[in-house]
Amino acid sequence: MAAALLEQVINGAMTGSVYVLVALGMVLIYGVMHVLNFAHGVLFMLGGYLCHFFLTRLTGNYALAVLLTMAALAVVGAMLERGVFRPLQGNLRNQVIASLGLILALENLAVALWGPNALQIKVPATERLVALGELRFPLQHLLIIGVTAAVVAAMFVFLKWSKFGTALRATSQDRNAARVVGIPVERMDVASFALGTALAALGGALVGPLFLVFPQMGDAPMVKGLAGILLGGMGSVPGAVVGGLIIGIAESVSTLFLPTDYRDSVAFAIMVLILLARPRGLFGVRARGEP
Amino acid sequence: MKRLVALAALVAALYAVPALATPYLLHVMVLSCLYAIPAVGLNLMLGYTGLVSLGHIAFAGIGAYVAAWLMVDARLGFWSALAIAVAASGLAGALIGAICLRFRSHFFMIVTLAFGLMLYSVMNNWDDVTRGAAGFPGIPRAPGFTTLESFYRLALSGALLAFAIQWRVVRSDFGRILLALRQDERLALAKGVNAALCKTAVFALGSALAGLGGVLLVSFLRVAAPASFTLAESINAVLVVIVGGAGSLAGPALGALLFVALPEYLRVAAEWRLVAFGVLLVLITLFAPRGLAGLIAEGWRRVARRSQ
Amino acid sequence: MLMRLVILLAACIAATAAAQDKVAVGIVTSLTGPMAPPGKFQMNGFNLAAEEINGAGGITVGGRKYMVDLKVYDTRANPAEGASAMQRLATVDKVPVVLGELHSGVAGAEAPVAQDYGVPLILTVPTGPNLTEQGNRFLFRVNASNDQLNLALVDFIQKQGWAPLSFIAWNNDAGRGGVNGMKKLLGDAKTGYVGYFNVGEVDFSSHVSNIRASNARAVMLFMDEEPGSLAIKQLRDAGLKTQLIGTLAMGSDRFLKRLDADRLAGMVQYNAFPPNADTPRIRSFSERYKKKFGEEAHGFAAQSYDGLMMAAAAMQKAGTVSDGKKLRDALAGLEHDGVIGRIRFDAKGQANPPVYVTQWCANGMRRILYPESLKADCGAG
Chain R
0 MAAALLEQVI NGAMTGSVYV LVALGMVLIY GVMHVLNFAH GVLFMLGGYL CHFFLTRLTG
60 NYALAVLLTM AALAVVGAML ERGVFRPLQG NLRNQVIASL GLILALENLA VALWGPNALQ
120 IKVPATERLV ALGELRFPLQ HLLIIGVTAA VVAAMFVFLK WSKFGTALRA TSQDRNAARV
180 VGIPVERMDV ASFALGTALA ALGGALVGPL FLVFPQMGDA PMVKGLAGIL LGGMGSVPGA
240 VVGGLIIGIA ESVSTLFLPT DYRDSVAFAI MVLILLARPR GLFGVRARGE P
Chain Z
0 MKRLVALAAL VAALYAVPAL ATPYLLHVMV LSCLYAIPAV GLNLMLGYTG LVSLGHIAFA
60 GIGAYVAAWL MVDARLGFWS ALAIAVAASG LAGALIGAIC LRFRSHFFMI VTLAFGLMLY
120 SVMNNWDDVT RGAAGFPGIP RAPGFTTLES FYRLALSGAL LAFAIQWRVV RSDFGRILLA
180 LRQDERLALA KGVNAALCKT AVFALGSALA GLGGVLLVSF LRVAAPASFT LAESINAVLV
240 VIVGGAGSLA GPALGALLFV ALPEYLRVAA EWRLVAFGVL LVLITLFAPR GLAGLIAEGW
300 RRVARRSQ
Chain X
0 MLMRLVILLA ACIAATAAAQ DKVAVGIVTS LTGPMAPPGK FQMNGFNLAA EEINGAGGIT
60 VGGRKYMVDL KVYDTRANPA EGASAMQRLA TVDKVPVVLG ELHSGVAGAE APVAQDYGVP
120 LILTVPTGPN LTEQGNRFLF RVNASNDQLN LALVDFIQKQ GWAPLSFIAW NNDAGRGGVN
180 GMKKLLGDAK TGYVGYFNVG EVDFSSHVSN IRASNARAVM LFMDEEPGSL AIKQLRDAGL
240 KTQLIGTLAM GSDRFLKRLD ADRLAGMVQY NAFPPNADTP RIRSFSERYK KKFGEEAHGF
300 AAQSYDGLMM AAAAMQKAGT VSDGKKLRDA LAGLEHDGVI GRIRFDAKGQ ANPPVYVTQW
360 CANGMRRILY PESLKADCGA G
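Protein sequences, first through last, are from chains R, Z and X. Under numbering that gives the first Met the number 0, residues 0 to 290 are what the first sequence spells out, in order. Under numbering that gives the first Met the number 0, residues 0 to 307 are what the second sequence spells out, in order. Under numbering that gives the first Met the number 0, residues 0 to 380 are what the third sequence spells out, in order.
It should be emphasised that the hints constitute simulated quantities derived from the structure, not laboratory data. Worth double-checking, as some hints may not be accurate.
Simulated pairs of lysine-lysine, DSS-like, Cα-Cα distance not exceeding 25 Å [unchecked claim]:
#1 X/K240 - X/K158
#2 X/K21 - X/K347
#3 R/K121 - X/K256
#4 X/K289 - X/K374
#5 R/K121 - X/K240
#6 X/K232 - R/K121
Away from chain R, derived, C-beta distances all over 12 Å, residues of chain X [unchecked claim]:
#7 Q19
#8 A23
#9 Q133
#10 N170
#11 V193
#12 E224
#13 L229
#14 A237
#15 R280
#16 R282
#17 D328
#18 L333
#19 R366
#20 K374
So the derived list for chain X, only partly shown, Cβ under 8 Å to chain R, looks like this [to be verified]:
#21 G191
#22 G199
#23 E200
#24 V201
#25 S205
#26 H206
#27 N209
#28 R257
#29 D277
#30 G293
#31 C377
Nothing here was measured: the structure is a model prediction, and the numbers come from that model. Note that CB positions come from ideal geometry on N, CA and C, so glycine has one too.
Produce the entire structure from the sequences given, and follow the hints as far as they go.
Below is the structure:
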């Protein structure tokens, strides 16, 4: 029983890593701009498609394709911020509608351009199997965990110790005070969106070889990532990490003793229960001006 | 007075539609009415009270499946099943609403989304009662309203009832309290309003209306399937309310008409149509935030100004 | 003078246009959304049949020849859209027959409308058993229902002694219907873990771990080829050597390309028709399909092809391209030699096509294991 449990915890950590990647991007954008970008899932999906495109058309090098994808989507993110989300700041309802509009437009654009069938990103180097004791995992899976861990660490360092990161944190804590001390708040907005989108793109590009690239691939990770952020606390980066992992692990472990068709519900039920106990999430911080 | 006469004329014209319309047009009108009913409920919640629920249609599903089970398995008559189902959705709304309302803005939205997904799971997985994913066929049309023409009149009556309820609520003190809660909850609280009770009440009312829409929908289609009550449908409902004009009396009608009628008549290259739709939504939020009703009101005002 | 020439020209054009009589045939399917990939196979079948019928001059009724014109509507797995499409086909496009649909719930909304307007609806993919239990005389189904598929499969599985059987299944009508049917027939003693997943989910790691822990003798995969390829990859990568059983989607060369023969070797799947079987009707269809679409035929395409061919045959038999009721009567009594076998609708409108079980050989070919009478070796499956 213990072995089965451990195995599921590791499985959950792997699926949770994908949720964490998505959640990190969303929490960055939310923290700085207070915008909840539901369209994050389709950006993740576009990351997968663009990686496939760059890999097959431009370069045979996977790592390079991933970097190109991140750069391309960072630009897209900046454009979205300028064109759509900046004008809608403060209006939660319209942000949601605009995000939904983006989802519709981008998901169907992917279908129109690439067709409804799933694509495969073949990266032979990462298809090897790695043995951990009795269990075997594909290298790509471990790569996802490793890269996610590296990204999380890098983000911590960046936010805590770099000037730019500190400016981002300041903007998220109090926009007006940040402006007073001379931080270019609008530039922070663009940067956070670009960075957040790049993270989503990274997620899609990493997940592509292990699974498949298809138009709906971002839907579930987005919703689960969202649950993770809520659970962890809306503006909190450590919260996003912990939340994403908890959701992933809870889902996997639940299959040991609950009917598997309710696996999704488990994640949400846990989210609701934790929120009822701690309404701001595990690491949530009360923002200035909130009742 | 003039407005009342115009309204009466409109209603009379609507009832007379079957005499002039083709069966297909009637079908589209029925669906528009049936989508408008939950939209009215959501308008009260979202438009007037500011509660953005992303799980609204799950309550339509509750009404639908309760009625389906009562009519087919328990062999109850249509009207009793309808009454019980609407009460059940209202009750579910009160209970689930009470939980969701402990959260605000983004949190509230996502918790409602979560509940919507959980309810969908039940509809999809509980094979013994709901017949699961393959759907629950064999649901009868309301007795006396079995033809398309007669069902249209039933659907229209349901929609008019929903709008009448909306109008009554908006005009009442309760309605003013809801508006106050949307605009500045702290001030309302300071004036002694029991925010929690009022918000729960509107959530329950909205859910009951959704349930009414759900029962009529599955009676019309003669099948209840989880595919009718997905997250996508809940999101659709939000779009219907917002594009139609949230917080306006006619908004749900305009939105429902647009969302049902337009796709039916624009059956071209499917993906590109949806891409255009998505772009349109983004443009609406940027340039026409008060939705269709707002645009029409603005147009009206310009015409009035010019004629002076 | 010019005027007269123009009038003459116009008359000629009108005359030739009149000679090209058309009969509109309604199709309902999923062109967009997550069910678009299987929808494409369905459309391929219809398109191939329409092309062949028209290539041969069309349907001959009452001394005139009618070209088949497909009126396709995307129902996007939504029951309300299905009802609307059916309504439009019956009253605006005024088609004499409608075919297709992928999703059982949507078919449940289309069938009553078909009955209302007396337009026969011929299903070619949905497997929900209760569809044909509603007493709807205008509903027909060419493909096997879940009950029929499961009966055949259970027969085969029991002969092999593969128990306990665990499952990984789509949490939709096809997956759940399949699992429920198998559990009912095999009984609790012989069935084990059931791992459901949502359409669009791709990570089966938790299911894989549980299946390994349950020591299942065989795993049945109720899903289409895209998630199927991932599930099998993950099962094999985890070191599981259990017997794999798949759906008809996992019996094609296209599926083979997604994985490789190593991982698939030994896997069995039920099949509406094995593309390389030696029977002439199957081989001929596979060749024609490959020529037009450049890939191996899919069971859904074969079922849909047969459906349209039957509709055409019924129109000829009934002597009408517009009377739905006469068409329905013709269909009810029709016996048709289709690609998938001899098709004849029973009193409930359900056909009883043969269900095959094929198996992947190590060299990437297939063999037929069931029915016993149609057994064939590697390369002929």
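Open item on the list: Holds or violated: the hint that X/H206 contacts chain R, with Cβ atoms closer than 8 Å.
Closed with: holds, 7 Å
- [ ] Tell me if X/G191 is really an interface residue toward chain R, meaning its C-beta lies closer than 8 Å to one of theirs.
- [x] violated, 12 Å
Open item on the list: Can you confirm whether the C-alpha distance between X/K240 and X/K158 stays at or below 25 Å?
Closed with: Holds, at about 20 Å.
Task: Given as non-interface: X/D328, partner chain R, CB spacing beyond 12 Å - done: holds, 38 Å
TODO: With chain R as the partner, please determine if X/E200 meets the hint condition of a C-beta pair closer than 8 Å.
DONE: Holds: closest Cβ of chain R sits about 6 Å from X/E200, inside 8 Å.
Open item on the list: According to the definition I'm using, a residue is off the interface if its beta carbon is farther than 12 Å from all beta carbons of the partner; does X/A237 meet that for chain R?
Closed with: violated, 6 Å
Open item on the list: Just to be careful, I want the Cα atoms of R/K121 and X/K240 compared with a cutoff of 25 Å; is the pair within it?
Closed with: Between R/K121 and X/K240 the Cα gap is close to 24 Å, so the pair holds against 25 Å.
TODO: Have a go at the X/R257 hint: is there a Cβ in chain R nearer than 8 Å to its own Cβ?
DONE: holds, 7 Å
Open item on the list: Against the 25 Å threshold, does the CA-CA distance of R/K121 and X/K256 hold or violate the hint?
Closed with: holds, 12 Å
- [ ] Grab the minimum beta-carbon distance between X/N170 and chain R and tell me whether it stays above 12 Å.
- [x] Given that some Cβ of chain R is not farther than 12 Å from that of X/N170, nearest at about 5 Å, it is violated.
Open item on the list: Take the shortest C-beta to C-beta distance between X/C377 and chain R; is it under 8 Å?
Closed with: At 26 Å from the nearest chain R Cβ, X/C377 fails the 8 Å test, so the hint is violated.
Task: Interface exclusion of X/Q19 relative to chain R, criterion Cβ beyond 12 Å - done: Holds, because the least Cβ-Cβ distance between X/Q19 and chain R comes to about 32 Å, which exceeds 12 Å.
Hints 2, 10, 11, 12, 13, 14, 21, 29, 30, 31 from the earlier list are contradicted by this structure; the remaining hints agree with it.
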